[in-house]
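**Q** Quick mapping for you: the protein sequence lines, in order, are chains A and B. Residue numbering for the first sequence follows this note's numbering, beginning at 2 and increasing consecutively. Residue numbering for the second sequence follows this note's numbering, beginning at 2 and increasing consecutively.
Repeated chains share a single entry, so a pair holds when one copy, or any two copies, can fit it.
Here are the simulated lysine-lysine pairs, BS3-like style, with alpha carbons at most 27 Å apart: (1) Lys9 <-> Lys117; (2) Lys9 <-> Lys109; (3) Lys117 <-> Lys40; (4) Lys9 <-> Lys40.
Because the hints were derived from the structure by calculation, they are not lab data.
There are 2 protein chains.
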Amino acid sequence: MDRIPILKFGHFLLVTIQVDMYDRLALNLENDLVNAVSKHEARGVLIDISAVSIVDSFMGRIIGNIATMSRIMDAETVVVGMQPAVAITLVELGLPLAGVHTALNVEKGMALLQEKIGLNAHSDAARAEEDDDDQPE
Amino acid sequence: MDRIPILKFGHFLLVTIQVDMYDRLALNLENDLVNAVSKHEARGVLIDISAVSIVDSFMGRIIGNIATMSRIMDAETVVVGMQPAVAITLVELGLPLAGVHTALNVEKGMALLQEKIGLNAHSDAARAEEDDDDQPE
Chain A
2 MDRIPILKFG
12 HFLLVTIQVD
22 MYDRLALNLE
32 NDLVNAVSKH
42 EARGVLIDIS
52 AVSIVDSFMG
62 RIIGNIATMS
72 RIMDAETVVV
82 GMQPAVAITL
92 VELGLPLAGV
102 HTALNVEKGM
112 ALLQEKIGLN
122 AHSDAARAEE
132 DDDDQPE
Chain B
2 MDRIPILKFG
12 HFLLVTIQVD
22 MYDRLALNLE
32 NDLVNAVSKH
42 EARGVLIDIS
52 AVSIVDSFMG
62 RIIGNIATMS
72 RIMDAETVVV
82 GMQPAVAITL
92 VELGLPLAGV
102 HTALNVEKGM
112 ALLQEKIGLN
122 AHSDAARAEE
132 DDDDQPE
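Bound-form chain A, shown alone:
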């Protein structure tokens, strides 16, 4: 298998990582995800790693890369379902996944994404309103 399927849910993309991320698979995933964000105008990316029990610095870096790429494309990334052992390993490896949002499971991750997008939309609207207030009447 050379590709991990990317599922579309409304404004979000969902990826379930079930296998070890060897180099080619990871590079394909990065590439496919960025293209999918662009194609579907996605606002959020959910990465489920509940099936991942072993993590290394390569996989940590890949997740960080995906989050950074998505942010540049105006999409938030939430990593869900992390096993405790994986969290321990990531911190011990010195990879605290800075800038990556996390949630306990897919439902909570989806809620977090909706909140983030809602908040952004709200703050944009609030900012626009404030700008209006600044205008001379």
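Given chain A's structure and the hints, the job is docking chain B onto it.
**A** Just chain B now, with coordinates in the frame of chain A:
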């Protein structure tokens, strides 16, 4: 990997099959899914097979089994993302997946499930209403 993760979305469960279904994995999936339907009181099961490019009679039977088990537990099963080659192979193998609903992608599958559950709820309500009408006034 001995388990395929089962993701919960509201009343639905989502399973993405990305690897070859050898015996043990398939039996674990059947078992886990039936338990998850019971535990989460799920009304629908979505099985995404967009990453499956090769299918055999074993996998065809497993999908049929899951659908039958789910139906007994009052949950509908929708298989989504089937590749054309897989559909051809299934029919040539004499496994037309009778009783399994299918949809082109996850979004359409989710809509189909919602419609099915809505319809059932509606027909239950309609039946209840008709029953009411039968009552002497």
